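K.L.:
Could you slot chains B, C and D onto chain A? The hints should help.
Protein chains in written order, with my numbering: chain A, 1 to 105; chain B, 106 to 871; chain C, 872 to 1416; chain D, 1417 to 1589.
Rather than coming from a laboratory, the hints here were simulated on the basis of the structure.
No experiment lies behind these values; they were computed from the predicted model shown.
A hint or two may mislead.
What follows is a set of in silico ranges between Cβ atoms, one per label pair, in the way DEER data are often shown [claimed, not checked]:
id, chain 1, residue 1, chain 2, residue 2, range
1, C, W947, B, Q314, 54 to 60 angstroms
2, B, G823, C, Y1109, 44 to 50 angstroms
3, B, G801, C, Y1109, 25 to 31 angstroms
Cross-link-like lysine to aspartate or glutamate pairs, in silico, EDC-like; alpha carbons within 20 angstroms at most [said to hold, decoys possible]:
id, chain 1, residue 1, chain 2, residue 2
4, B, K630, B, D166
5, B, K276, C, D1198
6, B, K170, B, D198
7, B, K276, C, E1354
8, C, K1362, C, D1252
9, B, K785, C, D1198
10, C, K1339, B, D281
11, C, K1364, C, E1347
12, C, K1339, C, D1260
13, B, K567, B, E749
14, B, K276, B, D226
15, B, K793, C, D1198
16, B, K170, B, E275
17, B, K785, B, E773
18, C, K1261, B, D281
19, B, K485, B, E561
20, C, K1362, C, E1347
21, B, K227, C, D1366
22, B, K227, C, E1347
23, C, K1261, C, D1345
24, C, K1261, C, E1347
25, C, K1261, B, E275
26, B, K276, C, D1260
27, B, K567, B, D418
28, B, K785, C, D1260
29, B, K846, A, D96
30, B, K227, C, E1354
31, C, K1339, C, E1169
32, C, K1339, B, D476
33, B, K133, C, D1366
34, C, K1339, C, E1354
35, B, K567, B, D476
From the structure, some residues in chain C lie toward chain B, with a derived Cβ separation under 8 angstroms [to be verified]:
id, residue
36, L1194
37, S1223
38, L1286
39, F1299
40, T1307
Glycine included, C-beta positions come from ideal geometry on N, C-alpha and C.
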Amino acid sequence: MEQLTTIGINHYLTISAFLLGFGLFAVMTRKNAIVILMGVELILNAANINFLAFSKFNGGMGGVMFSLFVIVLAAAEAAIALAIVINIFKLFKSVDVSSIDSMKE
Amino acid sequence: MHSLIQLSIVVLLLPLLSFVILIFFNRKLPRRGDFVGVGILGTALAISLYMFWTVIVQTYDPAFKLAWDFTWIDFGNVPGVGPLEIRMGIFVDNLTVIMLAMVTLISFLVHLYSTGYMAGDKHYGRFFAYLGIFTFSMLGIVLSDNLFSIYMFWELVGLSSYLLIGFFFEKQSAADAQKKAFLVNRVGDIGMWLGILILYSQFHTFGYQQIFDNLAAGKFTMSNAWLTAAGILLFMGCVGKSAQLPLHIWLPDAMEGPTPVSALIHAATMVAAGVYFVARIFALLTPDALHVIAFCGALTAFMAATIAITQHDIKRVLAYSTVSQLGYMVLGLGVGAYSAALFHLLTHAFFKACLFLGSGAIIHAMHHEQDMRWMGGLRKHMPWTFATFTFATLALAGLPLTSGFMSKDAILASAIGFAKVEGGGIYYLIPVLGFFSAMLTAFYMGRQIWLVFFGESRTHLKPAEEHHGHDAHAAHGAHHGHNDHGHEEHHGVHEVAWNMRAPLVILASLSVFAVFSPDPLDGAKGWFMHMVQTPETVVGRYTTEHASANLSAPSALMAESVQAEPAHHTMTDAVPAANPAHGATEAGHGESAEGHTFSDHRQAELAHESHAAHYTAIIISSIMVVIGISMALIVYAFRIINPEKTSEAIRPLYLFSFNKWYWDEMYEATVIRFSIVLSKMLAWFDAKIVDGIVNGVAIMTRNFAFANGSFDKYVVDGLVNFTAFFVNTTGAVLRKLQTGKVQTYIVMALFAVLGYFVYYLTKLIY
Amino acid sequence: MLSLIVFLPILAGLVILAVPSSQKQVIRIISLVAALVQIVLAIVIWRGYDPSLAGIIAAPGGSPAGSFQFIERVPWISLDLGGFGKLNIEYFLGVDGISITMVILTALISTIGVLSSWTIQKQVKGYFILYNLLATAMMGCFVALDFFLFYVFWEIMLLPMYFLIGIWGGPNREYAAIKFFLYTLFGSVFMLLVMIGLYFSVIDPVTHNHTFSLVAMASQENYIKDAILGPDNVFWRYVAFIVLFVGFAIKVPMFPFHTWLPDAHVEAPTPISVILAGVLLKLGTYGMMRINFPLFPEVFQASLFVIGVFGAINIIYGAFCALAQQDLKKMVAYSSISHMGYVLLGLAAANSEGMLGALYQMFNHGTITAMLFLLVGVIYDRAHTRQIDKFGGLASYMPVYAGIVTVAWFASLGLPGLSGFISEAFVFVGAFSSVTTRNIAIVSVLGIVFGAAYLLWSLQRMFLGTRKPDAAYDLEVGSDGHEHIHFHDWKGKLDLDGRELAMLVPLTVIIIILGIYPMPVIGLLTTSINKLVTVLSPVVLTTMN
Amino acid sequence: MSNPAYTVIFYLFAAITVFSAAFVVFSRNVIYSAFSLLFTFFGAAALYVFLSADFIAVTQVVVYVGGILVLLLFGVMFTNSIMQTDLKTDVLNMIPGTVLLVGIIGAILYTFYSTHSWMPSSTMLQGSIVERIGFETMSGYVLPFEMASILLLAALIGAAFLARFDKPGNNEK
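Isolated chain A, as found in the complex (with noise of 0.2 angstroms):
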């Protein structure tokens, strides 16, 4: 009881693990491109908890100061990525991700 009414560093990480494994899960399984950055989002949000967390209990800027270029990248990152899915869209008249295989050999 006393671990659920304090709150201590491991609802944080628990939280964030949790949205680590939906932004994972999004990535994986979404077809739809706008869904898969969303998930990243996710996954970075995740991240910034985490770095958010440990810095506030070990009282140290570093993590602040990460999350914080965190969320800059996020930005930078979601409109580069917004760009390349439209181009795509403009390409494959979709953003069926599946669809998009030239990889393939």
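P.N.:
Only chains B, C and D this time, still in chain A's reference frame:
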């Protein structure tokens, strides 16, 4: 080199020359070169007669001895022995000279005879060539001075006998007979060879004299049993050659050869070679060996006589009588009657050759009819043959006034004496057998004379189917193609030509007593018994019981012989003892037998006893002979007893004798069968087992190799192929994984991550 | 000199290589000339040979010169084995009493072989090249005094033999060839091992380093005490002796290892049978006398009885097997097994008479058996069968052939006056004089009778009597009224023709001369044999009991 | 800080975050996913606040909700015309996905909970840290900061270049 030696060498080599000339050139020479053979033998005869004259007549010396030898093989300095040489040489003494004359004489006569008998034969020239090589090797036996060369000539005699028996080699029977003769002789020769080996291994020499000297000097280091064995083994050579029990079987079959050959080889000379050889080695025979020899001879004489009674073939009868007479000689040697035995050898050679040549004449006249049952009444047609044949028969039977009488009596007398010396008992068997055989001899010879010469011709009685028999028999072409003869009365039976008659006359006249001795009753008075005297034994010291008796108690006889003469050790200085004894006729008959004194107790005793038994022997044997002849007359002349009925009455005995005591059957069943079966077995063993093992190993190796190969093929190589296959398939599988879908890759990556997690956690737990 | 006589045939082979294979006659002539020159050289060597020099071991002072003759010795292979020391192999030839006779025999037999090869029609060129190679190898084996060189020749010999049997042989030739090859190879492999072992155990007294020289090996003081085959190493010395003995016994061939011989003979063409029986078998016993016994004398002395027993088995067993054969050539093959048994027996006697008899028997067996095989070949050429029962009464129709056959047969059964007798006689004399082998000698005397039995029997069945109904030839009455025979598809002379006489008559003459006066050959041997016996003898020599 | 209200609020936001994230993933409708993602971001931002990283929380709200999410929605709009009713996305390799989902989450959680050595340090972050962020940005992290800005610039240009509309000439194909 003494001139006599040179002459003897010439005599030895002349027949060889005749052989070489005739074997290569007989077809190119006129008359197939028979004159070459006859002429050369005539020369040899002349030379040896000259030798006879000089040695026997001029230098009348019992101790006459000549020796010459040369190095045949030089072994160099042999470790453990020292310098070692094998020497060959020539040894001439009285006996040699006499034998030389005898052999060349008979050989010459046979050559002469053959010019008539063999005329028209396909291989006429070759026949004389064979006679030549036979004479050569026979003379070699006579002249050689050592065991090795005598063994060589011994085998050569066997070869020439082989060639001559098989002279009509188209005849299966002849081919069998020649093979049989050679093999049986070989068996005897083995024994002889082993005997030679025993002596050589002791003394490293083959020469008689050296061996005798070594023995006399007591250099024999093996046990006395070995010495006796050596004697008996050497005697085995004689058993083979002289057709003694149990190796006599070849001689009757040897009659397949042409009749002159039978006369020369299988009656007069070659078969006598065995006796001559035993005489040569007489000095080293221990008493035990002599006993064996004596019994062997006696049994042979008896057995052959019993067989001769029932034979129908005229030549077979003579053959068995030859075996029987050879038995007499061997018996004589066995009982120590050295000179008597050789005397008999000589006399027998003459009258038996005469008999054979006579039978040859008969056969020739009867167109190769050999069965006495179909003869008869020939005396009218062939008076010369009849006369000579009959006289020779009397000599063989041993009637007085003949040479055979003297020699046979001398032997029998010694046999009685021998039995006395040996202390009677079983040893009396020997004289008894001897006398009995004498009676049988008289009987079957009387039978033969009667069947052949007297009565009426029985040619027409010959059953028809016999024709093919003797047509094949006569198929060798030596005759002039008369196939169907005989039903009419002796068509063309006539006296033979001079060149066949002359030998008969000469030989018959040589069977008269006067040739050998002035006294018709006592051969011991003759020159032969004087010139050929029992050699001093050299094995006295080795003889077991006699030696002990000798050393322990020197008997009165020993003592008197010693005081009669100073101690003598060798023949040579025994001679002065002999000469006065010979001269002193008032000392009574047979001085020469006694006059020669022995330093060996036993021999002295034998000489004395045999001399004592002289008249007994004469009387008994004469009675025996008379009985035999009268029985023959009773049965065949006056037909008081019907032979057919008699033979029916005693059929088992008759068959036993008629089938020659079943010796051939016995050997056939045992030795020959055994050898053949064994050889088959061994051949099978060789092909199946030994070679089978080899092949088995080979097959095993091969299978292993196959297994190995398949291992290599399927496992090692298979591994390689499998790797390739595996890579291939996995590649194929994995290519499926490369979908090009990013997400699939992610899935895999994450699986890897998860896998790492699991691994890490398990590490963490444990 | 020796090099010349050894390599002359192979030179001829090279010349033949240049001749177009269509020129069969030229090829034959070349080989014949080479062989004849070889005989001339052999005679020159024979005349130049000094019988007073013993050989066998080095002369006092350790150098072979003064003991061996016609020595040629040059370093041949010499390579550094690092840890093992130096391997120096010499080209070392020389003759002594043991080898001189074999050299003469080899020259003689290979000439006869060339003559008898005249009838070979198939691939003449290849045949004669191989044949000359074989001749070189044989001759080399007999004159090599360096173990390695000997081994090389020994191995070279196998190859042409294999092909000569395997290509020019009878119907079952591959089997026979393989059998022969494997058998001999089996033997020689062990020889190789022993050879290496000996190399590291022996010190050349002159150069003081390891050597393959048989001369050095033959004297025991050259052995290193504790080397693998040194005097101390009794066990390994026994092993080496046995292994080496088996290697040579296969060539002899000795009883359990003899089965390659009948097959090889039956399948091989006549000249090869002649070579095989005439020379190759001698290599086994020669190897024993040259290598096996002198190198391990004490083991030899210990195993005399066994060797003698094997000899006796060869004699009797071979005779019996021959008695049962239907194929004439097989009978002769078994007879030569039986006769080589005499050689073994004589060696086992280990005294001068026995050894000399053995060596002389090797020579005589070479000539006699060569003659036998030639005669078999003669009848086989005509009748295309060797079944004894297919003949009969030949003596009437082929008198010359029958006469020579009679001489050969009687020589083989040891008739006095022919050379075979003297050697057998001295084998027995020796064997009986030595206490060890006395009883063996007594037993094996039986071989004389059975030898006579099978030979006379075959003689009777083939030559005496009359033509059999199923004979391999027809009977016809010629124009002159005499009966003649003719073989079905035989164009040549019925009786022996000139070539065959040229092969057979010299052998006959040799056999007769050596049978009457053996000194020409024995005179060469005696010193060497006596020396050999001394070398082999234990400290106290016991030929007497 | 064992303040019940505090705890409750934390669990509330945590639930919002997780479930909305789950909805983002599992819903077939892209629009719904996008909007539920909005809640996830908000929940995350709230958790940042709980982690006394207020400035990050604010940035989160601004950047994600204000920027990225809008971008995503635009993307959705571009790719699927709104008129089309089905914005559903069908799925592929569901099973391995689920296995991995469960597996990875389980593994991570097991790792976390089997690790008992989380020692909260004595100096946990307290209160606002904006000042400290500014200080850090200008002192220790100035180089990353600049690089990040350049990166953003490059990203903007690149994105604009990539996503620009083609001339009517070459979009006729």
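K.L.:
State the violated hints by number, sorted upward, taking the hints as numbered earlier in the document.
P.N.:
When the structure is compared with the hints, numbers 5, 16, 31, 32, 40 turn out to be violated.
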